[in-house]
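Asks: Given the structure of chain X, go ahead and fit chain L onto it with the hints provided.
Residue numbers (my numbering), protein chains in the order written: chain X, 1 to 427; chain L, 1001 to 1427.
What the hints contain is simulated information worked out from the structure, not anything from laboratory work. Bear in mind the structure is a predicted one, so any value in this text is a computation, not a measurement.
Simulated DEER-style distance windows between Cβ atoms: (1) Glu379(X) - Thr1190(L): 53 to 59 Å; (2) His1370(L) - Lys2(X): 37 to 43 Å; (3) Lys150(X) - Pro1008(L): 58 to 64 Å; (4) Lys357(X) - Lys1013(L): 50 to 56 Å; (5) Glu1146(L) - Asn374(X): 23 to 29 Å.
All C-beta atoms, glycine included, are put in the ideal place defined by N, C-alpha and C.
Number of protein chains: 2
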Amino acid sequence: MKEITLIPFEGYKYIEGGVCAAKGFKASGTYCGIKKSEAPDGNESPFKAKNDIGMVVSDCICSAAAVYTQNKVKGAPITVTRKNLEATGGKARAIIVNSKNANTCNADGEQKAKKMCELTANALGIRAEEVIVASTGVIGQILPIEPIEKAVPVLVKELDYNGNEQAATAIMTTDTVKKEIAVEFEIDGTRYHLGGMGKGSGMIHPNMATTLNFYTTDCRISADALQEALSEVVKVTYNCLSVDGDQSTNDMVCVLANGMAGGSEIVTGTKQFEIFKKALYIAMMNITKMLAKDGEGATKLLEVKVSGADSLATAITVAKSVVGSNLLKCAIFGADANWGRVLCAVGYADAEFDINKVDVKMSSKAGSIHVCENGAGIEFSEDVAKKVLSEDEITIDVSIGGGEFSAAAWGCDLTYDYVKINGDYRS
Amino acid sequence: MKEITLIPFEGYKYIEGGVCAAKGFKASGTYCGIKKSEAPDGNESPFKAKNDIGMVVSDCICSAAAVYTQNKVKGAPITVTRKNLEATGGKARAIIVNSKNANTCNADGEQKAKKMCELTANALGIRAEEVIVASTGVIGQILPIEPIEKAVPVLVKELDYNGNEQAATAIMTTDTVKKEIAVEFEIDGTRYHLGGMGKGSGMIHPNMATTLNFYTTDCRISADALQEALSEVVKVTYNCLSVDGDQSTNDMVCVLANGMAGGSEIVTGTKQFEIFKKALYIAMMNITKMLAKDGEGATKLLEVKVSGADSLATAITVAKSVVGSNLLKCAIFGADANWGRVLCAVGYADAEFDINKVDVKMSSKAGSIHVCENGAGIEFSEDVAKKVLSEDEITIDVSIGGGEFSAAAWGCDLTYDYVKINGDYRS
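If we strip away everything but chain X, and leave its shape as in the complex, we get (with noise of 0.2 Å):
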């Protein structure tokens, strides 16, 4: 069961849609052969993913917002998508994407991946500036530029307003499931759309952004208030998710907010906003459980909950260093109740707390056992722990203290399977 359990939130209601969701978003997907010693259905390799190239055009001018990997290395891809927005002020109305080859650590990386806009805008008679351009795959190979001249004008032609899918199975590398989410909410009678799509399996402890993920809405906002309301809701969803520790040259999360649905400008500072920003949330967090269930080689969900913290950064920082220990997570692969590898974590977590007062119970939706309390041990039963840890969602709360912040994390099991991946990745 790759598929997480959607958590409703009122007010909100999960459609389908994906990054269509919204008025005036088409969408394509196909395959233009970027990895060549692939064959299109090959399934010896590891992407069991055929389309290999996706696009996503708005009807009309977006305002754009996005945040990118802190990672020293970074694609040539970010520096290019980051030059246009800059250019425009924020203004967006194609992406183009490719998966198999990150455009990473090469001398010709960002002449190629200012060819992929200027490809795209021809082809759809927008400016080159008005295209966010990304890339994802093995870093520091050579991105051949032949396949994705002959996949643009396929793309062009293919876009639909329900290709969604054929986009969200264009970024997939190791990917297993595709990763879609939309919602649809209202402001002041207006009913609005946001959805979105992710990719991401390995390399995945985003710092500021994460893997490659697409957003869009039918809202009215500014790029400026876009940009708030994504940086916040960063934070405490993708920042919040680790699957190995190893931090992507290649992140980033962006939203286009195209304005097609009506109504008034939401702007930062107001009721409105929030409500807009919650819908941001729903969708970014759950693609970041998405992310964290399809990590590569995983069989379980783990979400860490920690509260009582004196601070966010407090919670986050405990709640990340819990979920990103190896050895918790092969403990969770093999269904143990290892409650000390959870009081190590916490312990070697970089920030201030009582560990006299630490408190840790382990659940899921079969049942719950406390098995921590004031930092010590307490008694369990082993048959009930086995049965909790058994199922494919497992929650870890983590008490730290009377403090009033709280924050959630999110990651998986360390398996067989994620060292069989990724023995053997570029070959």
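Replies: Below, chain L alone, put in the same frame as chain X:
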């Protein structure tokens, strides 16, 4: 091949004897059944060592220095040892250490750790404060004191000037080989000996100290000078080691110096002190490599050397970032020259340097490949790469600029067996 290759150093000679190599040190080890469910020779558990408790005793009082884990969760033995060394002003005569139970996160932990000191002191006719106590094993399980009460008289009776191996095997947990080292060196015509033993295989990502490690020397040196040498050497040995990113709750490195070789007192700021410190470095660096090579499930020792840094801190930070990358560790397991993962980990290291000046080589006794220059990939032979990376000791050289500082970090590959060992450790 779990044994490491010992590199020669001029003026220092590797000798046998481990913790008993220095004059006047006896040791012993025995099995007392701390983990009751386990048969003395039970081969079903990952614990291959039969001994579960060990002792080291000096013929006379010693200067003592120690560094401890920085984890907020600290094992009770850490607390008791620290108090003892404070009470005596850095003097000690004996070490008592058990495996199979960490005596950590237990309500009665400190009381039990003190009891271990008292039992040892009474049997030896010394003060309880002169005893260093340490425990390693599962966290959060009550330590049974009865087996230890029975074991102490046996340990005292069996103390032997050649007992180093008995003690070295007593501290093993998931270690597959014992870890001992000893060197002989000369200062101003006096021949000195310095030896030690270590343990540790998982939960290894030290900060200021690591795992359990005990060193002895017959040099005459004050506790303060010994502490200065220890703290400096730990920084470039144990603190540059990572097996799995998990920092243990019970880490400790301690050194005892009994002065029995005669000669002048070694004081800080002198040439003699530097000679002594280098002996300590050689011993600790080799045990660090042994710990890395015997990391849980490991098949290969990984050494990452960073040069050209503007500061020692930058060199260490980058080396540790690379050696700790799960993705790189998997690639090394698969003998895959995926240098993009090296560059990715260099890029997310929290340090300042120019990523466009990064140069990467991979080597082993089978040869060397140059894979990255000025931050971009260069062509190399995949056949040679496979041969180089199929050896069991791999070095990755990362040059990050024109600075004069360099550092090394040690780790191992990430394998199926790591997951297997840790998926079911407690049971």
